[in-house]
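*Asks:* Residue numbers (the working numbering), protein chains in the order written: chain F, 2 to 404; chain B, 1233 to 1295.
Since the hints were made in silico from the structure, they are not lab data. Just so you know, even glycine gets a beta-carbon here, dropped at the ideal spot from N, CA and C. Hints may be right or wrong, so weigh each one.
[Said to hold, decoys possible] Label pairs and their in silico Cβ distance ranges: (1) B:Glu1295 with F:Ile119: 45 to 51 Å; (2) B:Asp1261 with F:Thr205: 18 to 24 Å; (3) F:Ala70 with B:Met1233: 20 to 26 Å; (4) F:Asp318 with B:Asp1272: 33 to 39 Å.
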Amino acid sequence: MSAPVVIVGAAMGGLRTAEALRRAGYAGALTVIGDEVHAPYNRPPLSKDVLSTVVSHEAVAFPARAATADVDWMLGTRVTSVDLDAHTIVTDDGTVLPWRALVIATGLRPRRLQLPPIAGRHSVRTLDDAMALRGELVPGARVVLAGSGFIGCEVAATARKLGCEVTVVSPSVEPIVRPLGRLLATELRRRHEAHGVSFRLGRTIAQLDGGNRLDEVVLDDGEILPADVLVEAIGSDCNTGWLASTDLDLRDGVLADPAMRAISIDGRVRDDVYVVGDIARFPNLMFDDVPRRVEHWNIPTDTGKRAGSVLGAWLADDGTYAEVAAQRFTPMPAFWSNQFEVSLQAYGLPGLADPDGIRILAGDIAAEVIVGYFRGERLVAVVGLGLKAALLPYREQIAAGVG
Amino acid sequence: MIKIQVDMALCQHYGQCVFEAPNVFHLNDDDKLEYLAEADDSERDNVEAAVDVCPMQAIRIVE
Ligand SMILES: Cc1cc2nc3c(=O)[nH]c(=O)nc-3n(C[C@H](O)[C@H](O)[C@H](O)COP(=O)(O)OP(=O)(O)OC[C@H]3O[C@@H](n4cnc5c(N)ncnc54)[C@H](O)[C@@H]3O)c2cc1C
Ligand code: SF4
């Protein structure tokens, strides 16, 4: 019997890869190893609707499919190292497991403030994180958000909805300005402020004070914010520690080609190691040949399906591998966000726009609007606040590469 | 035939499903999702793909 295909990371990317491998006809042994104890679940609701109601696995679990019923799920197990020559991995209890092919799906972990531990500090990546935070978001609680990205602003909106007093502290000039640009960022701040969220922009957190638990957050300009809860949403780091001894290219995630095959530091493409999801840095020829990591929800699914079909063809050894691997792979980046009544939706990569390439395409910024992001003449992204049906045709324009 | 259910309490009318299964899902002029509750078996793969891409995980194929 040959060794199993091993997928490390039992979240969305790992799940979709497993399903796609089965769809591609691979019927052999398949093991998915994940350090969380929960079966794969959907993360976005953890900062939005689910955080404002009841946080449970049931509320966010991905439905199990018949095709993956015979997968060996090793949950609550962390992989500590891998040997790409010997084709083995080691888990946290010391077990050495062989593999025939390896899929890297270990995603990200939240970056934390470099400050001493104290009760009341939170981050939001996992279901367990959200459960712990939910209990503290009681009416009247004084909540400080460190970071004004999407997750920070979503948690701020949810906490406000739950009756907390909310202050967002961030070194940025506007919330969510890096991904969205100034125009929308300013408008989103205005809407948050209208709902009673306070901002301390251009500021960082210098110190946390309190006895048994957090009582005050001290900013770099000396301002003191009374606080019961601090939520840190200051970005993420890639979970590449277990790959440290390999020769894979680990500069910002794990480098992969458009077939999601891992690439070593000397440029060699591996047929037996794949990378999917938030951790994958790969070129999307819809835009250019620059490899990028894209932390959007559709990426684990699209890259997982892609990796599953290429790896499936390699394992089948039926002469189709080269052809499948050479197929064009240009997933449309898609993301959305809910903050108060704002329902934001985006296609493409807004970050690629020229500094002066952001303009209103339809609607009114103070109500419902579609904003276009241009690199030269070319539309590289659109972001809509509302206007959902009107947004869809722009998706074709981005994919077609026209202005 | 396959039977399709969308939890309209969850659906945010994002229309991602429309791209995967345009014969089944549709956004009307009021930005509201409309869909067929039953579709031919030949639509199964497309609807499965729609299930995957729905951000709210609101779509179910009822077996
Ligand atoms: C609160 C929140 C809200 C979000 N909202 C949105 C949104 O509105 N729109 C949007 O587009 N995107 C959103 N995202 C991003 C989206 O959820 C991610 O892109 C997606 O979850 C990435 O999936 P993944 O499978 O690549 O990685 P992950 O979900 O990070 O999964 C990796 C898994 O691997 C495990 N793991 C790590 N190291 C090891 C190891 N050594 N051994 C074993 N297991 C390991 C981890 O514990 C984890 O379970 C949000 C994310 C969060 C956290
Ligand atoms: S993708 Fe999901 S949320 Fe969006 S319109 Fe379709 S069913 Fe509704």
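*Asks:* Indicate, hint by hint, whether the structure satisfies it.
*Replies:* Each hint, compared with the structure:
A C-beta distance of roughly 50 Å is found between glutamate 1295 of chain B and isoleucine 119 of chain F, which places it inside the suggested range of 45 to 51 Å. Checked against the given bound of 18 to 24 Å, the beta carbons of aspartate 1261 of chain B and threonine 205 of chain F, roughly 47 Å apart, lie outside it. A beta carbon spacing of about 24 Å between alanine 70 of chain F and methionine 1233 of chain B agrees with the range 20 to 26 Å that was offered as a hint. For aspartate 318 of chain F and aspartate 1272 of chain B, the hinted distance range of 33 to 39 Å is satisfied, since their beta carbons lie about 34 Å from each other.
In summary, the one numbered hint that this structure violates is 2.
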